[in-house]
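Engineer: Next come the chains, spelled out residue by residue.
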Amino acid sequence: MNHAAALPVWAQLAVAFLLVAGAGLALIGSLGLLRLRTFYQRVHAPTLGTTMGIMLVLASSMIFFTVLESRLVMHEVLIGFFMVVTTPITLMLLTRAALYRDRSEQSEEVPPAAPSYTPASEGSGAQGTASGPAAPSGPSG
Amino acid sequence: MRRPFSYPLILAGLFGTWLILNESAAPGTIILGAAAAVLAGSALAALPPPRTKLRRIGVALSLMRDVFVEIVRSNNAVAQIILAPGAGERSSGFVRIPLDTRNPAALTALACIVTATPGTIWVEYDSAESTMLLHVLDLVDEEEWVRIIKDRYETRLMEIFS
Amino acid sequence: MTAAILDWAVFAAQILLTAAMACAAFRILRGPRAQDRVLGMDTLYVNATMLILTFGIRTGSQFYFEAALIIAMLGFVSTAASAKFLMRGEVIE
Chain A
1 MNHAAALPVW AQLAVAFLLV AGAGLALIGS LGLLRLRTFY QRVHAPTLGT TMGIMLVLAS
61 SMIFFTVLES RLVMHEVLIG FFMVVTTPIT LMLLTRAALY RDRSEQSEEV PPAAPSYTPA
121 SEGSGAQGTA SGPAAPSGPS G
Chain B
142 MRRPFSYPLI LAGLFGTWLI LNESAAPGTI ILGAAAAVLA GSALAALPPP RTKLRRIGVA
202 LSLMRDVFVE IVRSNNAVAQ IILAPGAGER SSGFVRIPLD TRNPAALTAL ACIVTATPGT
262 IWVEYDSAES TMLLHVLDLV DEEEWVRIIK DRYETRLMEI FS
Chain C
304 MTAAILDWAV FAAQILLTAA MACAAFRILR GPRAQDRVLG MDTLYVNATM LILTFGIRTG
364 SQFYFEAALI IAMLGFVSTA ASAKFLMRGE VIE
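Residue numbers (my numbering), protein chains in the order written: chain A, 1 to 141; chain B, 142 to 303; chain C, 304 to 396.
Isolated chain A, as found in the complex (with noise of 0.2 Å):
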């Protein structure tokens, strides 16, 4: 690493701290998967790491990469973006997916359907699935 000892002493205090801090984020969410009971709690663990764990870690690229090419590189803008708009689609749908799952198997954790329900008002979301391979029966475990 004889490129680091190009960047000035501030540069190299900064790329330091904010690549701990994301890397440590991101390990506390992890850690988050261990230590939180139920699937729907271990559900809000990883969004430490995908917004300020990843947005710490951008910064410091982009710090280090402007400050070593003496231009400004700010691509890493386009990966925090991304994270930005697909971390909520892949949670939701993931959570969904759960309590679908849940609710065919009348579990007692969690809430019943709004009392308005129907499988009309919710699309075809309730139907259909019985004998797909992800009725509950399949890859349940």
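Among the clues, some could well be false.
To be verified - What follows is a list of derived Cβ distance ranges for each label pair: (1) I318(C) x F146(B): 46 to 54 Å; (2) S381(C) x E105(A): 23 to 31 Å; (3) T170(B) x S381(C): 25 to 33 Å; (4) S107(A) x A175(B): 49 to 57 Å; (5) A175(B) x M74(A): 18 to 26 Å; (6) D310(C) x E105(A): 45 to 53 Å; (7) L224(B) x P111(A): 25 to 33 Å; (8) M74(A) x Q221(B): 29 to 37 Å.
What the hints assert, rightly or not - To be clear about the criterion: a stretch of chain C counts as covered by chain A if any three or more of its residues have a C-beta under 8 Å from a C-beta of chain A, and this derived list gives those stretches: (9) 308-322; (10) 335-347; (11) 365-376.
Please keep in mind that the hints were generated in silico from the structure rather than gathered at the bench.
Glycine included, each C-beta is placed from N, C-alpha and C at the ideal position.
Knowing the structure of chain A, use the given hints to seat chains B and C on it.
Structural biologist: Same frame as chain A, but now just chains B and C:
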């Protein structure tokens, strides 16, 4: 068929992405990027997504700032919950929240904001009753969450996507 | 002397991220249910993205950026497809 320029914001976003990815503003890059953006724009116009009108840019900016502050704050809160002893015994639970807006764009934005904030996740939306189901990691007072969602986000989102 | 700060920071970040990936991998292996495994896989992808960016800082090479971008995209697509599969039993309807 609609013209490729019926979604100017998306076109500009694609073009900007192209320039950032190539890290140059040379004439060749600009021409190629513009061509790619126009091509993608006409493909998009062939399958017209619902159009939404953005109003009140100032409100949108202040909302984005508040969301950012809230994300930083709840990162800290969730990290403390995970690291505290007995993390599994937290009282987390579902809250059903009545919503006033039925605008799809406002609902989408609300879902993304709530889910992107650590500690809360949007679970489902019931269109017949206009309620949403929220899962909260550290649930103490249900009424408070109803108030937070409505006051902090929903009123402003209704202003933005009116 | 000052170069050592960054060296150690990169080293520490790599250790932290590897530990995070180990946690996610444990959740994938342990389950107990399929949604837990998918959640672990999603976390694994995000951590891998950060690890690749850290490699980029370590080597001072910009080429790792593209790898990180592609891992992030593939992670999104595969998690979305898996979640869809869990819910509907098929990916494309």
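Engineer: Give me the numbers of the hints this structure contradicts, sorted from smallest to largest.
Structural biologist: none
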